[in-house]
Amino acid sequence: MVHSKQIVLKSHRRCCWIDVTGEVQRAIDASGITTGVCTVTCLHTTAAMTINENADPDVATDFFAKLASMVPQDPKFLHCEGNSDSHIKASLVGLSVQISVESSRLVLGTWQSIYFCEFDGPRNRKCSVTILGE
Amino acid sequence: MVHSKQIVLKSHRRCCWIDVTGEVQRAIDASGITTGVCTVTCLHTTAAMTINENADPDVATDFFAKLASMVPQDPKFLHCEGNSDSHIKASLVGLSVQISVESSRLVLGTWQSIYFCEFDGPRNRKCSVTILGE
Amino acid sequence: MVHSKQIVLKSHRRCCWIDVTGEVQRAIDASGITTGVCTVTCLHTTAAMTINENADPDVATDFFAKLASMVPQDPKFLHCEGNSDSHIKASLVGLSVQISVESSRLVLGTWQSIYFCEFDGPRNRKCSVTILGE
Numbered sequence: 001m002v003h004s005k006q007i008v009l010k011s012h013r014r015c016c017w018i019d020v021t022g023e024v025q026r027a028i029d030a031s032g033i034t035t036g037v038c039t040v041t042c043l044h045t046t047a048a049m050t051i052n053e054n055a056d057p058d059v060a061t062d063f064f065a066k067l068a069s070m071v072p073q074d075p076k077f078l079h080c081e082g083n084s085d086s087h088i089k090a091s092l093v094g095l096s097v098q099i100s101v102e103s104s105r106l107v108l109g110t111w112q113s114i115y116f117c118e119f120d121g122p123r124n125r126k127c128s129v130t131i132l133g134e
Numbered sequence: 135m136v137h138s139k140q141i142v143l144k145s146h147r148r149c150c151w152i153d154v155t156g157e158v159q160r161a162i163d164a165s166g167i168t169t170g171v172c173t174v175t176c177l178h179t180t181a182a183m184t185i186n187e188n189a190d191p192d193v194a195t196d197f198f199a200k201l202a203s204m205v206p207q208d209p210k211f212l213h214c215e216g217n218s219d220s221h222i223k224a225s226l227v228g229l230s231v232q233i234s235v236e237s238s239r240l241v242l243g244t245w246q247s248i249y250f251c252e253f254d255g256p257r258n259r260k261c262s263v264t265i266l267g268e
Numbered sequence: 269m270v271h272s273k274q275i276v277l278k279s280h281r282r283c284c285w286i287d288v289t290g291e292v293q294r295a296i297d298a299s300g301i302t303t304g305v306c307t308v309t310c311l312h313t314t315a316a317m318t319i320n321e322n323a324d325p326d327v328a329t330d331f332f333a334k335l336a337s338m339v340p341q342d343p344k345f346l347h348c349e350g351n352s353d354s355h356i357k358a359s360l361v362g363l364s365v366q367i368s369v370e371s372s373r374l375v376l377g378t379w380q381s382i383y384f385c386e387f388d389g390p391r392n393r394k395c396s397v398t399i400l401g402e
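Chains as they are written, first to last, in the numbering used here: chain B, 1 to 134; chain D, 135 to 268; chain P, 269 to 402.
These are calculated hints, taken from the structure and not from any lab test.
Predicted model only: the values in this text are computed from it and were never measured.
The C-beta atom is built at its ideal place from N, Cα and C for all residues, glycine as well.
You may find that some hints are simply not true.
Here are the simulated lysine to any residue pairs, SDA-like style, with alpha carbons at most 25 Å apart [claimed, not checked]:
1. D:Lys139 x B:Asp19
2. P:Lys394 x B:Lys126
3. P:Lys394 x B:Asp19
4. P:Lys278 x P:Asp326
5. P:Lys273 x B:Ser103
6. D:Lys139 x D:Asn258
7. B:Lys10 x B:Ser103
8. B:Lys126 x B:Ala68
Covered by chain B, per the in silico footprint, the following chain P stretches (three or more residues, Cβ under 8 Å) [said to hold, decoys possible]:
9. 280-290
10. 345-359
11. 362-372
With the hints as extra help, turn the sequences into a complete structure.
See below:
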């Protein structure tokens, strides 16, 4: 069985992450799939997907501050839109995540949530969710 | 349904990316799969896979220049082949990408292409493509 | 067909990788799946999954030394547990890997192994393995 859905998002800052775990779980609920794998892919080139801690918001603050210092907006970049840093961060963090599904639930660790990572907001964004299984 | 294919590539520089979107789409066309997920995995340890912008070639120039400054070839690395930087970049960028398939087409954003990332060329390279779906 | 398994690990240092290729292959053997895709996902937020060289252990030494210098433990991080570096490295390296399966075997390059990457050990750890195919 295959079930697909598109998640629509709106980011409100240049760099932030947005928890999409609930939306992804709802796609699994709607699919009727009990066992399989769920893939979430970002449909943009200046944003990414990751899984990280959902308890302390300081983890996000540290994550985006460190990425900004590692890959700053640099006037020496050639790409004329001024967002080469966002493109580079997207490829470093990665465009998609895969999570096992068992008993109709995402198999995530206690502290894990699925995040859409905005590196060039604020913007309207989309990601695709596909669940394969039985 | 499952369909597999191997993509064979030749890189001509030490660091560059090669657009494989067309080859991956042709694997989907050959598979007869209309809905599912396509996985592309690099079969080497000094190269990677990513998704990034297909419009302005300066994005690639900025990406590889920044990675070279973050992870330079450093004589202090222990690995005797002198390509530890390539191994490290491979794990940072990631070895595989996953893209949803709908109506027999890769679900990619307007500006997205799938790239094989060479970090230790020129070399002959391979990646595996597997499409799961119905 | 879908087959799932959990891999249980124990890390003995703060930062190291642990080869799980044999355990993943055994999950495929047990599944009876001959062709498909295998997904391995780390169930923690201070560890990751990657694929890298299995021949020279100096590759691991260089990898972890470079990551430590790129993302050091920094007293200016806000997250009070003192392991923001581990959370950041986890998202940079990525939480999951996908490998094609053909003729009941992982499709890996000659030098590739699958590694669980510990960034905040020593700890007891888990990752989920799911194989989809026929």
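So, going through the hints one by one against the coordinates:
no. : hint                : verdict
1   : D:Lys139 x B:Asp19  : violated (35 Å)
2   : P:Lys394 x B:Lys126 : violated (31 Å)
3   : P:Lys394 x B:Asp19  : holds (23 Å)
4   : P:Lys278 x P:Asp326 : holds (21 Å)
5   : P:Lys273 x B:Ser103 : holds (13 Å)
6   : D:Lys139 x D:Asn258 : holds (17 Å)
7   : B:Lys10 x B:Ser103  : violated (31 Å)
8   : B:Lys126 x B:Ala68  : holds (23 Å)
9   : 280-290             : violated (count 0)
10  : 345-359             : holds (count 10)
11  : 362-372             : holds (count 4)
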